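Novice: Sequence:
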Amino acid sequence: MSFVPKRSEAGLSLLRVWAGVTLFLRHGWEKRPAHWTMFMAHFPNPLHIGGSASFLVAFFSDFVCGILLIIGLGTRWAALYCLCNIFVAWAFIHHFAFTGRGPQTDHGELIVLYLGMLLTLLIAGGGRYSLDAKITSKR
Numbered sequence: 053m054s055f056v057p058k059r060s061e062a063g064l065s066l067l068r069v070w071a072g073v074t075l076f077l078r079h080g081w082e083k084r085p086a087h088w089t090m091f092m093a094h095f096p097n098p099l100h101i102g103g104s105a106s107f108l109v110a111f112f113s114d115f116v117c118g119i120l121l122i123i124g125l126g127t128r129w130a131a132l133y134c135l136c137n138i139f140v141a142w143a144f145i146h147h148f149a150f151t152g153r154g155p156q157t158d159h160g161e162l163i164v165l166y167l168g169m170l171l172t173l174l175i176a177g178g179g180r181y182s183l184d185a186k187i188t189s190k191r
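Residue numbers (this note's numbering): 53 to 191.
Just so you know, the hints here were simulated from the structure itself, not pulled from any lab data. Careful, some of the hints might be misleading.
Derived DEER-like restraints, expressed as beta-carbon distance ranges [as the list claims (entries may be wrong)]:
| id | residue 1 | residue 2 | range |
| --- | --- | --- | --- |
| 1 | Thr188 | Glu161 | 32 to 40 Å |
| 2 | Leu132 | Arg180 | 15 to 23 Å |
| 3 | Ala86 | Arg128 | 24 to 32 Å |
Because the structure is a prediction, the values reported are computed rather than measured. Glycine included, every Cβ here is placed at the ideal spot set by N, Cα and C.
Can you build the whole structure from these sequences, using the hints too?
Specialist: In structure tokens, the structure reads:
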């Protein structure tokens, strides 16, 4: 694979943007404020803090942190928040389903992929091509 440039910083930035865009478009956009009333009435309550509070936690994760990941601002914190939110959903809503038969088993593989991407970003940060890097380089 010598024809592929070895640029780990570009790869890390691609992972960050890819994770942020897919999280935002697939899960965040549907939670935009125009749809809050509909979501809050029927949102799952896995931690017993109320459906509205659970929705706001998910909104911040999928919408706000999705945008933060895309632009690379507060990358590690955004990744940690999303990681915790998605792990709670996987544990309490999907019951750690990965593959198999039955209800709520169709998202397991996707959840594990998100967890892997977010864990990588938590450990490595946003990379050279992020706002985090621009801010810290000016100090």
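Novice: If a hint holds in the structure, say so; if it does not, say that too.
Specialist: How the hints compare with the structure:
1. A beta carbon spacing of about 35 Å between Thr188 and Glu161 agrees with the range 32 to 40 Å that was offered as a hint.
2. The given range of 15 to 23 Å is respected by Leu132 and Arg180, whose C-beta atoms sit roughly 20 Å from each other.
3. Against the hinted window of 24 to 32 Å, the Cβ-Cβ separation of Ala86 and Arg128 comes to about 30 Å, which satisfies the hint.
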